[in-house]
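Colleague: Each protein sequence line maps, in turn, to chains V and A. For the first sequence, my numbering assigns the number 170 to the initial residue and increments by one for each residue that follows. For the second sequence, my numbering assigns the number 13 to the initial residue and increments by one for each residue that follows.
These aren't lab readings, by the way, just hints derived from the structure by calculation. For every residue, glycine included, the Cβ atom is placed at its ideal position computed from N, Cα and C.
In silico DMTMM-like cross-links for lysine to aspartate or glutamate, where the CA-CA straight-line distance does not exceed 25 Å:
#1 A:K156 to V:E278
#2 V:K303 to V:D245
#3 A:K419 to V:E295
#4 A:K163 to V:E278
Chain V residues, not near chain A, derived (Cβ > 12 Å throughout):
#5 R171
#6 R193
#7 Q197
#8 E198
#9 L199
#10 D201
#11 V205
#12 K303
#13 R313
#14 L316
#15 T317
#16 R320
#17 R321
#18 E323
#19 W325
In silico contact screen, one side only, chain V against chain A (beta carbon under 10 Å); selected entries:
#20 L182
#21 T208
#22 G209
#23 V210
#24 Y211
#25 G212
#26 A214
#27 D217
#28 E264
#29 A267
#30 L268
#31 L274
#32 G294
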Amino acid sequence: MRPRVLGLGNELLGDDAVGIEAARRIQQELTDQVDVAETGVYGLALLDVILGCRQLIIIDAIKTGRVPVGSVIELDPRCFDRVPAPSPHYSGLPEMRALAETLQLDYPEWVVVLAVEISDGVGFGEPMHPAVVKAIDQVVRRVRQQLTRWRRQESWGSAAVDSSALNETLTIPPKTNPNDLRRRTQNGRV
Amino acid sequence: MSTRRYTIDPITRLEGHGKIDILLNEQGNVDRAYLQIPELRGFERFAQGRPAEDMPQITSRICGVCPTAHHMASAKALDDLYKVTPPSAALKVRELAYSIFMIEDHALHFYYLAGPDFVVGPTAPKAERNILGVLGAVGLEIGKEVIGMRKQLRDLMTLIMGKAIHPVFGLPGGISKAIAPESQKDIVAAADHAVEFGKFSLKLFGDLLKQKPELLEYVTSESYVHRTYYMGMVDSQNKLNFYDGPLRVVDPNGSQVALFPGKEYLNHIAEHVEPWSYVRFSYLKNIGWKGFVDGPESGIMAVAPMARLNAADSMATPIAQQAYEQYLHALGGKPVHCTLATSWARLIELVYAAERMRELANDPEIVSPDVRTIPTATPVEGIGVIEAPRGTLIHHYQTDEKGLITKANLIVATQNNSARIVLSVDKAAKGAIKGGHVDDGILNLIEMAFRAYDPCHGCAAHALPGQMPLRVCVFDAQHNLIREISRG
Numbered sequence: 170m171r172p173r174v175l176g177l178g179n180e181l182l183g184d185d186a187v188g189i190e191a192a193r194r195i196q197q198e199l200t201d202q203v204d205v206a207e208t209g210v211y212g213l214a215l216l217d218v219i220l221g222c223r224q225l226i227i228i229d230a231i232k233t234g235r236v237p238v239g240s241v242i243e244l245d246p247r248c249f250d251r252v253p254a255p256s257p258h259y260s261g262l263p264e265m266r267a268l269a270e271t272l273q274l275d276y277p278e279w280v281v282v283l284a285v286e287i288s289d290g291v292g293f294g295e296p297m298h299p300a301v302v303k304a305i306d307q308v309v310r311r312v313r314q315q316l317t318r319w320r321r322q323e324s325w326g327s328a329a330v331d332s333s334a335l336n337e338t339l340t341i342p343p344k345t346n347p348n349d350l351r352r353r354t355q356n357g358r359v
Numbered sequence: 013m014s015t016r017r018y019t020i021d022p023i024t025r026l027e028g029h030g031k032i033d034i035l036l037n038e039q040g041n042v043d044r045a046y047l048q049i050p051e052l053r054g055f056e057r058f059a060q061g062r063p064a065e066d067m068p069q070i071t072s073r074i075c076g077v078c079p080t081a082h083h084m085a086s087a088k089a090l091d092d093l094y095k096v097t098p099p100s101a102a103l104k105v106r107e108l109a110y111s112i113f114m115i116e117d118h119a120l121h122f123y124y125l126a127g128p129d130f131v132v133g134p135t136a137p138k139a140e141r142n143i144l145g146v147l148g149a150v151g152l153e154i155g156k157e158v159i160g161m162r163k164q165l166r167d168l169m170t171l172i173m174g175k176a177i178h179p180v181f182g183l184p185g186g187i188s189k190a191i192a193p194e195s196q197k198d199i200v201a202a203a204d205h206a207v208e209f210g211k212f213s214l215k216l217f218g219d220l221l222k223q224k225p226e227l228l229e230y231v232t233s234e235s236y237v238h239r240t241y242y243m244g245m246v247d248s249q250n251k252l253n254f255y256d257g258p259l260r261v262v263d264p265n266g267s268q269v270a271l272f273p274g275k276e277y278l279n280h281i282a283e284h285v286e287p288w289s290y291v292r293f294s295y296l297k298n299i300g301w302k303g304f305v306d307g308p309e310s311g312i313m314a315v316a317p318m319a320r321l322n323a324a325d326s327m328a329t330p331i332a333q334q335a336y337e338q339y340l341h342a343l344g345g346k347p348v349h350c351t352l353a354t355s356w357a358r359l360i361e362l363v364y365a366a367e368r369m370r371e372l373a374n375d376p377e378i379v380s381p382d383v384r385t386i387p388t389a390t391p392v393e394g395i396g397v398i399e400a401p402r403g404t405l406i407h408h409y410q411t412d413e414k415g416l417i418t419k420a421n422l423i424v425a426t427q428n429n430s431a432r433i434v435l436s437v438d439k440a441a442k443g444a445i446k447g448g449h450v451d452d453g454i455l456n457l458i459e460m461a462f463r464a465y466d467p468c469h470g471c472a473a474h475a476l477p478g479q480m481p482l483r484v485c486v487f488d489a490q491h492n493l494i495r496e497i498s499r500g
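Turn these sequences into a full structure, and let the hints steer you where they fit.
Modeller: See the structure below:
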């Protein structure tokens, strides 16, 4: 089963298109190695593009306000709040994972999120920020790295790989209180 | 993986996302509270100069929740723009596809939105008041059934519309492809399944009401009541319809005050602007804007399931009609003013959509190859109206003689509900804040007030945050920020 790359975002909304644009680049450059999907919808529709693969790389836009625009941040979705979205309008990956686990759906074993820090330019038809456009090169490189890592894992066995050693990591400085995340996750397992 | 801690601000194209402002008076009581609702920033300018026939594809990308509603409203606006009537088969297939979409959307929202209140219970711990808590209470088999039903419907939408999410389907004068005759049996089977699913959901809800009579008190609580006008689409017999028909408005006593073709909306719906908000508040032009108050003197109206059930005289299908009668009986007759009844109304609409899907699925005409009337008129102006899951949706385009957009105006359902949402948030805040005392519990109270409307806050899918961001800002009488409570 081939790894899957999923681009998330809205291609009409300036920098919000970065996930979609990156996925399209990967479709061109790595079509022999991965399956590529893209979507701009919420909620359970995410399951349609998440389930049914073992290894998934999600490319998305993010706005932390603490790193330069165009920075590529790798996130482990297991670090995020599991649920309480009160509406399908807000259900994202953490909730889909929880739902898939609860219902024993075919959720991927490995999920990596590559998030590109974006600017305020998310209005209709706005061009992407040059730094965000440039970040797509880095995203493609990171996807290649991740695919290599997974191939090694498969040939060596997962216990032999220290993923952080292979990774270009970027740590985001805490905003005000480093316990923000911990507090937010009090209702669910981290 | 090393431990890293982030606070994620959800990326959004809108300003004031999930933001509630509360203004206090000199006594520290609430003068006014309101929820910021997004604008479609830059959409009109974006649309200008684009071919009108691209609008069904463009507008379906506006919303990550209901792309099909925008697609259909846009296709109907193109019919009107090119003064062309699609063949009967095309209209039926459009309505069939739309019914499938409504079933899927309503099922999802019923279990997500009503589940925490009705299945888990309004007083249950917040950690359990979500879809997982619902599954814990009703059993995993039901969750699997919802997922399975949804997949079957999605596959069918792909079959009919080419793509389920951003369809290339609606064209001026019809649709892009006919249904292959051999597919009809699968559509019938899925429709039968959908009706059974609807009946099952109704029974689940009915059983809950029997087991927990206090739920009815909760729904009818005065805290969530506003006596406003209601608008919804009806057919020629004033039965509820999602796809086509005039818009009907009833007053707070349930009497009809307007019945008009959607393309005359400008004669009936006006927009009020307040200096403290960029939201344009829809109201009834002929009643007038009297401020954020309810009652027959105020032109504030509501759309969406509860409003549609108030605006219609009855349901067009038998099981939905029976459920409708039970709903009205339990809630004391029409019109229903209890905002929290919206979830119940959504369930009745789900059953209607499934029954309507079954009617259309069994219609021999849906496999007719005659699905397009080629337009020949010179385009000038077109208006398309549809009932989106969250209420009446209006697309209005003007073009030059080549069909390039010169002006595009969209009135989305949340905008039509926006003034009533302010009433709800305001009422909740007034009940929760006295003498300047504000505590964190206000987040939950206010969220309950507007959650039933399921207002649309943003339109782009993202992996995170998996939780609704909410920020409450409290200002004193001099408009100084004195307290900020946030989540997400």
